[in-house]
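**Q** Can you build the whole structure from these sequences, using the hints too?
Quick note: the sequence shown uses UniProt numbering, first residue 1, plus one each step.
Heads up, a few of these hints could be off.
[Claimed, not checked] Here are the computed distance ranges between Cβ atoms for each label pair: (1) Ser-361 x Thr-167: 41 to 47 angstroms; (2) Glu-443 x Asn-585: 43 to 49 angstroms; (3) Cys-164 x Ser-361: 35 to 41 angstroms; (4) Asn-428 x Ser-572: 47 to 53 angstroms; (5) Asp-128 x Val-369: 49 to 55 angstroms.
[To be verified] Using 35 angstroms as the maximum straight-line C-alpha spacing, the simulated DSBU-like pairs for lysine-lysine come out as follows: (6) Lys-468 x Lys-441; (7) Lys-203 x Lys-121; (8) Lys-473 x Lys-626; (9) Lys-592 x Lys-490.
In short, the hints are calculated from the structure, not lab data. Yeah, the Cβ is synthetic: ideal placement off N, Cα and C, and Gly gets one too.
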Amino acid sequence: MAILPTIFHSHPNFEWRKTSAIFTPQISPLNINTKLQFPCSITRRRCNFHHSNTINQARSISVSNACKKNQNGCDEIFHIFKRWRDFIPGGNWWNLCDSEQLVDGSPTAANPVTVLNALSKMWALVADQQWVLYTAFGALTVAALSEISIPSILTASIFSAHSCKTTVFCRNSWLLVFLCSTSGICSGLRSGCFAFANTILVKRLRETLYSSLLLQDISFFEIEAVGDLTSRLGTDCQRLSNSVGNDIHLILRNILQGTGAFINLMTLSWPLAVSSLVICSTLSAIFLVYGRYQKKAATLAQRWTASANEVAQETLSSIRTVRAYGTETDELRRFTQGLERLASISTRESIAYGFWNFSFSALFRMTQVFAVLLGGMSIFTGNVSAEQLMKYVFYCEWLIFAAWRVQDSMSSLLQSIGACEKVFQLMNLSPSDQFLSKGLKLEGLKGDIEFENVSFNYSSRKMVPVMKNVNLKIQSNNIIAIVGASGSGKTTLINLLLQLYNPTSGQILIDGIPLRELDIRWLREKIGFVSQEPQIFRTDFQSNIIYGCSRSIRQEEIEWAAKQAYVHEFISSLPSGYYTPIDGNLLSRGQKQRIAIARAILRDPTILILDEATSALDAESEYYIKVQLEWDSEWKKD
1 MAILPTIFHS HPNFEWRKTS AIFTPQISPL NINTKLQFPC SITRRRCNFH HSNTINQARS
61 ISVSNACKKN QNGCDEIFHI FKRWRDFIPG GNWWNLCDSE QLVDGSPTAA NPVTVLNALS
121 KMWALVADQQ WVLYTAFGAL TVAALSEISI PSILTASIFS AHSCKTTVFC RNSWLLVFLC
181 STSGICSGLR SGCFAFANTI LVKRLRETLY SSLLLQDISF FEIEAVGDLT SRLGTDCQRL
241 SNSVGNDIHL ILRNILQGTG AFINLMTLSW PLAVSSLVIC STLSAIFLVY GRYQKKAATL
301 AQRWTASANE VAQETLSSIR TVRAYGTETD ELRRFTQGLE RLASISTRES IAYGFWNFSF
361 SALFRMTQVF AVLLGGMSIF TGNVSAEQLM KYVFYCEWLI FAAWRVQDSM SSLLQSIGAC
421 EKVFQLMNLS PSDQFLSKGL KLEGLKGDIE FENVSFNYSS RKMVPVMKNV NLKIQSNNII
481 AIVGASGSGK TTLINLLLQL YNPTSGQILI DGIPLRELDI RWLREKIGFV SQEPQIFRTD
541 FQSNIIYGCS RSIRQEEIEW AAKQAYVHEF ISSLPSGYYT PIDGNLLSRG QKQRIAIARA
601 ILRDPTILIL DEATSALDAE SEYYIKVQLE WDSEWKKD
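**A** Structure representation (structure tokens):
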């Protein structure tokens with residue numbers, strides 16, 4: 001806003017008054033009879049001077065009076081009217097600027113997905129249900145051809161009745177009954193088959209996406225937010241399948257009907273048909289611009305939706321911490337920021353859709369007027385009959401409507417694919433290398449571990465080394481304690497041994513064999529692991545204890561492991577015992593650790609790793625569990 005030096009004195013054309021308005025802290029109050037210099041905006045009937053905590057309004061009879069006080073006011077008026085250009089389609093207001101782009105550092109950020117790639121991917125997911133798809137396409141074709149024949153037969157029936165041609169009228173009436181019945185039956189069959197294919201599609205979309213996520217490196221989950229991924233699995237897959245299930249068959253049906261309408265127009269009068277085609281081409285040109293804009297807007301809107309979902313999930317999952325620190329207002333503000341961005345994008349998206357519908361309505365009404373005028377002139381010259389003109393009006397409207405429906409459905413499809421672009425990007429990710437190679441399975445695993453010049457840094461912090469040139473040997477049948485300050489890399493050693501990460505340099509040997517050469521699934525079956533914060537799943541106690549065991553487990557073994565972990569009495573005291581559903585939020589950290597220890601013991605591992613696994617236990621329980629573990633270790637030596 002411009003800075004206007006202005007001098008105010010008593011003047012018959014100005015009335016000085018103060019009203020409570022927008023707070024402008026950078027402006028200091030000045031004496032009214034002195035030279036003022038602060039932001040000013042001029043409207044049609046008043047000049048607004050932003051002054052301290054108020055807006056001081058100098059009302060004038062016309063803007064020209066204000067301009068007499070300051071010649072620069074004309075420039076300000078021009079600036080105000082110039083701003084309205086931003087709201088015209090193509091103006092700056094419509095730009096989806098960089099400030100609305102989420103910073104995306106994920107591996108999928110630079111891999112855009114085209115519509116053809118997305119459709120081919122979805123076709124591959126349901127290709128084994130070909131009988132359903134072929135039935136749907138066949139029913140769609142028959143229904144479309146039946147419907148497009150109805151206007152011609154209906155017009156002929158009306159004019160035959162008007163001409164008292166009873167035989168022709170009866171024949172056309174029976175033909176109409178047949179066409180309407182055929183159209184109804186085939187439309188129902190088409191809808192049912194597409195709905196069934198849509199159900200299969202959403203199921204397999206989620207299966208494929210979830211499978212792809214499970215096989216990614218752990219570093220992938222350091223970049224991607226869990227709330228974002230669950231949003232893709234849930235909302236995006238459902239939206240995509242619904243859109244495809246509805247839009248694909250609408251596009252195909254209207255293409256067939258539009259083609260049929262154009263052929264009928266050509267048989268009636270080719271000049272009239274060509275003129276209708278020109279209008280359809282104009283509609284298509286507008287759609288090309290609109291479709292690209294909607295696809296980009298939908299992509300951004302979905303990213304901000306996922307971002308807001310991530311904030312909500314993080315806050316609600318940590319509600320106890322939020323409540324304890326009284327940060328409900330801060331979290332609401334953080335959530336609202338994403339919603340404001342989403343609302344801004346959605347507003348422009350909706351207004352663009354309004355412009356698109358306005359264009360269609362205007363062209364459609366022009367077509368109707370054009371058809372009547374040109375058709376009427378053709379009747380006067382004797383080139384067409386009244387019956388032909390009515391058929392022309394019917395089919396001309398049908399052609400325009402078919403073109404609009406094709407492009408409207410295509411717009412919806414582009415929006416869905418744009419919004420769900422990341423679903424396909426995630427599905428196309430290559431699995432972690434450790435799942436691609438089978439590796440070696442040793443006949444007998446002793447459990448000798450050796451770190452040779454191991455260095456490591458996390459991919460998100462490549463310039464910060466976590467460890468450097470670490471050398472360590474651990475003989476089997478020994479209990480080793482690794483002690484160090486918090487953040488010194490103790491947990492990182494465990495993560496490298498479990499091959500959750502690969503060393504930046506150096507290697508880890510198991511029984512003299514490099515870890516990378518071993519079958520990682522086989523090796524993990526030989527390892528028992530209890531982390532600092534053990535994860536308890538929302539199933540029953542029995543399922544949590546046997547989690548990850550590949551062999552058949554008896555109930556006696558489960559109870560034995562629970563006794564070793566000092567948790568059997570607690571579980572047995574519950575109404576349903578080991579079949580009691582678990583709510584992790586209602587278990588103490590010590591109870592979670594005991595269940596995790598029982599889970600590790602039940603595997604009868606060759607290598608047992610405890611990462612501060614008893615830190616939440618009382619002294620008696622910790623002593624009891626350590627004695628049991630030491631006894632088991634001595635028993636294995638013998």
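**Q** Does each hint fit the structure? Answer for all of them.
**A** Hints and how they fare:
1. Ser-361 x Thr-167: 41 to 47 angstroms: This hint holds: roughly 42 angstroms between Cβ atoms.
2. Glu-443 x Asn-585: 43 to 49 angstroms: 45 angstroms, holds
3. Cys-164 x Ser-361: 35 to 41 angstroms: Given range 35 to 41 angstroms: holds, Cβ gap about 40 angstroms.
4. Asn-428 x Ser-572: 47 to 53 angstroms: 49 angstroms Cβ-Cβ, so the 47 to 53 angstroms window holds.
5. Asp-128 x Val-369: 49 to 55 angstroms: Given range 49 to 55 angstroms: holds, Cβ gap about 51 angstroms.
6. Lys-468 x Lys-441: 30 angstroms, holds
7. Lys-203 x Lys-121: 14 angstroms, holds
8. Lys-473 x Lys-626: Within the cut-off at roughly 23 angstroms; holds.
9. Lys-592 x Lys-490: 21 angstroms, holds
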